Amino acid sequence: MTPPLALENGGYVGAAYLVFLLLLLIYVAIMASKLQRIQRELSSLAELADRPSSGDPDHDVGDVHQREHEIEAVRQGGRR
Amino acid sequence: MATALQQITLRRLAIVTVAVMGAGYALAFLYAPQDATEGFAQKIFYLHVPLAIVSLLGFIVAGIHAIRHLRSGDPKHDARSYVSIHISVILGLAVLLTGAIWAKSQWGVWWEWREPTLVSFLIVFLLYATYYPLRYAIEDRDRQARYASVFAITAGAFVPLNFLAVRLAQPYIHPRTFSSSGGLPGEMLLAFLVCLAGMALLWLTLVWFELDAKAASANLGRIRRALEAS
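So the sequence lines, in the order shown, correspond to chains W and Z. My numbering runs 138 ahead of the 1-based position in the first sequence. My numbering runs 2 ahead of the 1-based position in the second sequence.
Just to be clear, a hint being listed does not mean it is correct.
[Claimed, not checked] Per the computed footprint, the stretches of chain Z lying under chain W, defined by three or more beta-carbons under 8 angstroms from a beta-carbon of chain W, are:
id, stretch
1, 38-48
2, 98-104
3, 152-160
4, 218-226
Worth flagging that the hints you see were computed from the coordinates, not collected in a lab. This one's a predicted model, so the numbers in the text were calculated from it and none came from an experiment. Here a beta-carbon is modelled for each residue, glycine too, at the ideal position from N, C-alpha and C.
Make the full structure from the sequences, and use the hints.
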């Protein structure tokens, strides 16, 4: 039985659009992994910035906790 | 503030891209009539041809950014040129794959070496594929950017010349849609133009997205170096 005209070569059309979507998806996946790496680096930088300097006698522990909360809020925002 | 604005604009651009592409392909499948000779396989045209046009234009845009980079020395233009080529190469790969699928449906073969349209596009694609090894073979950042810009300008000038040569050449079997002998019917043309606009917006969105990611990565590197030095 021959397929109706509207569906003739439908497999090829589907394959062409699928290939395009697949390529786009691969690109987006690669970019997502790059952004995850940036996010990880940002977290490690936040930790680095958060680390109290050893020779600072006036270092306020309360401020550090406050900054930790802020950094965590930024992280949470980045995950969303 | 500027970054926040940029993010909003990129998000808006992405939404507009999805909307225009959705409208374009809805028109292509639901509004545009079926081609009398090619049948349903002609629907590949609404994907394949916009991809090819946008990809080739992207290479020319990369050349323009490269000229601006050589004139100003601003690395921002080099990044734009690099990302334009990157996205155009990805779209170019999609052109070759969708074209091969269409060729199989119409000609019964995946590739035809005697057809100048196909071979010339492959030459352009392979030319730009050499951009990456050439660029990363040079270690010095400034020289790398300069040589890459020279490449982008030379190859970018080759693209319209190549296109013109193909249009002037005798076609073997590849159809010439936009020729002097006749164009597309109104409904098909409308669907095609919306698909073309959608594809151009997709290219712009991806370029913008990648540039933002590159800028974020570069800024992080700078902050890390500054923090480690302090």
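Here is how each hint holds up against the structure:
Coverage of the stretch 38-48 of chain Z by chain W holds [criterion: at least 3 residues with CB-CB distance below 8 angstroms; count 5]. Residue count for the stretch 98-104 of chain Z with a Cβ under 8 angstroms from a Cβ of chain W: 4. That meets the three needed, and the coverage hint holds. Counting residues of the stretch 152-160 of chain Z whose beta carbon lies closer than 8 angstroms to any beta carbon of chain W gives 0, which falls short of the minimum of three for the stated coverage. Coverage of the stretch 218-226 of chain Z by chain W holds. Counting CB-CB distances below 8 angstroms, 5 residues qualify, and the rule asks for three or more.
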